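Colleague: Spelled out, the chains give:
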Amino acid sequence: MGKTLAEKILAKNTGLKEVSVGQIITSKPDYVLSHDNSSAIIGHFEKLGVEKVKHPEKIVIILDHTVPAASETHAKGHQKIRNFVEKQGIRHFYDVGCGICHQVLPEKGLALPGTVILGSDSHTNSHGAFGAFAAGIGRSEAAVIWATGELWLRVPESFKMVLDGKFGDYVTPKDLALAIIGDIGADGAIYKSVEFTGPGLFDMPITGRLVLSNLSAEMGAKAGICVPDDKVVEWLKGRTDADYELILPDEDAVYEREFEYDLGKIEPVIARPHTVDNLDLAKNAADVKVDQVLIGTCTNGRIEDLREARKILEGKKIAKGVRLLVFPASREVYVEAGKDGTLAALAESGATIMGPGCGPCLGAHQGVMAPGEVTLSTANRNFKGRMGCADAEIYLASPYTAAASALTGHITDPRSI
Amino acid sequence: MKIQGKTFVYGDDVNTDVIFPGKYTYEPMTPEQMGEHALEDLDPDFVKKVEEGDVIVAGKNFGCGSSREQAAIAIKAAGCRAVIAKSFARIFYRNCLNSGLFAITNSEIQEVVKSGDRVEIDLEAGKIYINGRTLDFPPPSSEVFGILRAGGLIPYTRERLASK
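If you read the sequences in order, they're chains A and B.
For reference, each letter of the first sequence is one residue, going 1 to 417 in the working numbering.
For reference, each letter of the second sequence is one residue, going 418 to 581 in the working numbering.
Derived by calculation from the structure, the hints in this document are not laboratory data.
Bear in mind the structure is a predicted one, so any value in this text is a computation, not a measurement.
Every residue, glycine too, gets a C-beta built ideally from N, C-alpha and C.
Be careful, since some hints might not be right.
Stated by the list, open to error - So the derived label-pair ranges between C-beta atoms look like this:
#, chain 1, residue 1, chain 2, residue 2, range
1, B, V435, A, D241, 48 to 54 Å
2, A, I417, B, E453, 53 to 59 Å
3, A, T352, B, G563, 49 to 55 Å
4, A, D164, B, K581, 51 to 57 Å
5, A, E314, B, Q450, 54 to 60 Å
6, A, G409, B, S524, 50 to 56 Å
Construct the complete structure from the given sequences, taking the supplied hints into account.
Modeller: Below you can see the structure in the form of structure tokens.
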């Protein structure tokens, strides 16, 4: 019987001939990722009774959540992490300013096809864009991997999402991902591995695939894996010397459910407050006035996203009373957007250009909301209180829709600009 | 490993807020104190009736919602040794095993059980004995057994590292 991508990657990782759905295996992740929460993981690690981490070269720590430190408490956490990194000889440490972990880890050539990446962050799924099995885990689990190099995993059932056709103008992978979540629900893929494939996927740049894999977490999925192709190989050129294998699913692999999406039928959409599956068309929400627009985060802070915003905003001014915050996802993105004039064009339109990092997505700093306010965000979560205020509202959309809405002051279908 | 006890039967989509209310999540508590609040907003009688070895039987998507580890810890500290459900929310499932609480996926027991019935579970054999019926489930791997015997992932790992 044929095997899915998840089954084949996990079999390779464990050295078993094959693994099957429901089986509990001991995985040896190629990398274990954590961010500012590494200070809490250090606390768990210290209870395990060992001095040294097992494989310092497999630990990746990227400070991104509250960077630069938003308070003395955060600063102490960062300091504790830097001391631990130094003491343990952890090579893959990226300090304040390098960017968001789900952008920096791929940029450093660490997200490789056919590998297993576990991370103490729920959007670790993102790295599935490169054909890796990438999943979120708990903090105590990350501590155990630091100490032993291993963690148990249950082999998940898989859903297959076949993408075909081409997006219309101003329609993006973000609209597709939100549409899928609207269809299957925020619990539609709990514990599943969602496998994306088809001509529509292979046409899509890596940036778009990162959006799909990232948002698979909002379907409840354990992993969201894009079948890898030459575009992945091309993207990784110059970023890694490591050997890797493009593992593909078997033709006769068994899936629990299969879905087909025609990209030509997708329209600009939004997720209304307070759940990601509260889907509507952007054009149906023209009555919603926005106070703040956020372009950035691990979902949509990449160079292509910023260029899309520029396409809408260049030479124009955002609406009076709107605060537009732009967070390039990494230093690499920041530099590229600086060199090609994108940042200047956005700033001239009225945007505030912030440093690389998670920004206000998790409600800690850099754009926290007041009661009664509305933010339109390119992030992945719109839960009540997510951006620091339980009486504020968050709508989710693509960079095009976000930029168009900043221009008019209310939620706007970018095709109408 | 054998588990013997009485059952508490609940429905679908039991979320972590009713298992362990959010208002307690940032209060420092011992596992025993957490156990006093187990299932507080679902079944206030649970903590009064539960005894060592008891088993929760539920429908689909048990443990959905927040990732708080306290939900699994509270159920175990109250005395429960296993939860049998049609399906589990992913993070809750991991939290159960990592806290030493056995989570069994089975969709047959719900048809034959009512609250208070006696149940016996043989983990090695992968068998559930209930009201004259024998139901099967895939037995856990040796590693998961180790975690359950040690009482959770952190003590299991500590013991393993110490014995090396």
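Colleague: Each hint should be assessed against the structure and marked as holding or not.
Modeller: Hint by hint, here is what the structure shows:
1. The hinted range of 48 to 54 Å is satisfied by V435 (chain B) and D241 (chain A), whose Cβ atoms lie roughly 52 Å apart.
2. The hint said 53 to 59 Å for the Cβ distance between I417 (chain A) and E453 (chain B), and at roughly 58 Å that hint holds.
3. Judged by the Cβ atoms, the range 49 to 55 Å given for T352 (chain A) and G563 (chain B) holds: they are separated by roughly 53 Å.
4. For the pair D164 (chain A) and K581 (chain B), the supplied restraint of 51 to 57 Å holds, since their beta-carbon distance comes to about 53 Å.
5. For E314 (chain A) and Q450 (chain B), the Cβ-Cβ distance of about 59 Å falls inside the hinted range of 54 to 60 Å, so the restraint holds.
6. Taking the beta carbon of each, G409 (chain A) and S524 (chain B) are about 52 Å apart, inside 50 to 56 Å as hinted.
Violation of the numbered hints given earlier is absent; every hint is satisfied by the structure.
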